[in-house]
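The primary structure of each chain is shown beneath.
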Amino acid sequence: MSIVYKKYIPIGITAITGVIVLFDYYVKIPEINSASTILTSWGTHLSYFAVLISALMIVRQSIPKIIKQEKDWYFYGYMLTILIIMSATGFISGIASSNYSWWYNNFYGPVSTTLMAIMGIYLMSASYRAFRIRSVPVFGAMIACIVVLIATAPAGPVWFPGFGTLSQWIQAYPSQAGIRAFTMAAAIGTLASGIRTLIGLEIGFLGAKEDKD
Amino acid sequence: MVKLIDFIDSSYFSHIMLVFIAVLFIVRPLGLPVVVSEQTKSFIDVIESLKPGSNILIQYDVTVAMYPSTGIPTEIMLRHVMEHPFNVMIVSGGPEGPKLLEQFLGGKGNYNIQEMKGRVYGQDHVYLGYIAGGETMYVSLGSNVHGTVVKDYYGTPIDDLPMMNKINTYKDIDLVIICEAGSDQIDGSVRVWATTYGRKLIADIGSSQYTATLVYYPQLVKGIINGVKGGAEYEYSKGKPGPNIAGSDPLTGLLFLNVGLIILGNILYYSKKRGIIK
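Residue numbers (the working numbering), protein chains in the order written: chain U, -14 to 198; chain Y, 5 to 282.
Extracted from the complex, chain U is given alone in its bound form (with noise of 0.2 angstroms):
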């Protein structure tokens, strides 16, 4: 009995979801238009309890490594503080409130931007040295880089008059050709997935795999 609740009947609810949205695409039957429109619906809503329980399993796994003071315990503990201030400011003020901007604008927002811009210290030196020409294919990445470089700079098409046409070539056919090659391939890929789920072969979104029933 234990299966069929734990396999066979999610997959039954996939089935049919995936089924009836699907449709909706493709028929206009009144009937199968609006379930198609609730179970979307209903699929926002259900992300909102997604959240819920991502933030329910951080606290979940920091609490053990916490208790038993577990390498960068301290960084559990200041992520979980956090977690807890923001919440219970968002429940009691209103996330649109000044308490809340508070919070978010002097310890989110400059936390944030300073990683990014660190990354940025590090890209240009990974750039001084990722770019040596130790073959061909380096050569002309290098030579692609330079120019795309130039032409991005807002007063690089005016000193270099050839780079802005040469770069729009460039990003419009050898890497648009590569993009989408890779765009297709994971299309196709997921048709295949969504295929599969729809007929219950692909089943680890249910944990079966760890599922001995």
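Simulated from the structure, these hints should not be mistaken for laboratory data. Since the structure is predicted, the reported quantities are computational estimates derived from the model, not experimental observations. From the three backbone atoms N, C-alpha and C, an ideal C-beta is built for every residue, glycine too. Take these hints with a grain of salt, some might be off.
To be verified - Between beta-carbon pairs, the in silico distance windows are: (1) P49/U - D191/Y: 33 to 41 angstroms; (2) V23/Y - A73/U: 33 to 41 angstroms; (3) A170/U - P161/Y: 43 to 51 angstroms; (4) I20/Y - Y59/U: 28 to 36 angstroms; (5) L191/U - D191/Y: 24 to 32 angstroms; (6) S178/U - K242/Y: 42 to 50 angstroms; (7) Q161/U - D164/Y: 45 to 53 angstroms; (8) D57/U - S53/Y: 52 to 60 angstroms; (9) I(-2)/U - P161/Y: 26 to 34 angstroms; (10) D178/Y - S178/U: 17 to 25 angstroms; (11) T175/U - T173/Y: 20 to 28 angstroms.
Following the hints, position chain Y against chain U.
Positioned in the frame of chain U, the structure of chain Y alone reads:
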């Protein structure tokens, strides 16, 4: 000589040069020229071709970390849109959006919305806040706005906002503007708004997303603002110099520094390899 080369070869040199160039161009801006790209022109043209009373959905997914690259260019776009008699519905698919947009709507941004007389919240612009669910949320929003979100960011039921009576499904939306920072959400947004719902779409994105967005230009994405560069072009086109044009000088300096470091790295590498320097 050896010490100088070792210093150049160390990380300190690039770090010091980066800080030096950035500070130099910020303290003493040179007013370097700006060339308006075809994508920026198209972006502005799409907005200006809309009829008065058109409904615009702005997908504001800017993050704090990418705010200098995407948020500041977005402000000139928001200001431009708000200057026209459009109905503007703004929504965030990321949790960081509300606090950033709050500054703009609250008049603390670089372009003060409070200065624009005649704009009334609820009648010509509405902010729905953060809605979880990513791509599914946008699909749901397109099929049934009132079924997806019940209250706006400030807690007012959306049925009580006069502007929201004009917008029920994607059919009521004339233009979608994506403000995307750094994640790969552009693909999902194109799938939902351009492919599935057939809406006109333009994108205001960070430079890191530019190449990924260019895949869809001009067929599905009709115009692109490419980070600070695009923001500077926007300000130049509108004749309103602001933070983007101010930021374009350091950007030019740092990108040329990057090119210089790549060339210098190769000169030192081959000089050492061939024994010209030790």
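Quick rundown of the hints versus the structure:
{"no.": "1", "hint": "P49/U - D191/Y: 33 to 41 angstroms", "in the structure": "38 angstroms, holds"}
{"no.": "2", "hint": "V23/Y - A73/U: 33 to 41 angstroms", "in the structure": "39 angstroms, holds"}
{"no.": "3", "hint": "A170/U - P161/Y: 43 to 51 angstroms", "in the structure": "45 angstroms, holds"}
{"no.": "4", "hint": "I20/Y - Y59/U: 28 to 36 angstroms", "in the structure": "33 angstroms, holds"}
{"no.": "5", "hint": "L191/U - D191/Y: 24 to 32 angstroms", "in the structure": "26 angstroms, holds"}
{"no.": "6", "hint": "S178/U - K242/Y: 42 to 50 angstroms", "in the structure": "45 angstroms, holds"}
{"no.": "7", "hint": "Q161/U - D164/Y: 45 to 53 angstroms", "in the structure": "46 angstroms, holds"}
{"no.": "8", "hint": "D57/U - S53/Y: 52 to 60 angstroms", "in the structure": "55 angstroms, holds"}
{"no.": "9", "hint": "I(-2)/U - P161/Y: 26 to 34 angstroms", "in the structure": "31 angstroms, holds"}
{"no.": "10", "hint": "D178/Y - S178/U: 17 to 25 angstroms", "in the structure": "35 angstroms, violated"}
{"no.": "11", "hint": "T175/U - T173/Y: 20 to 28 angstroms", "in the structure": "26 angstroms, holds"}
Going down the numbered hints, you'll see the structure goes against just number 10.
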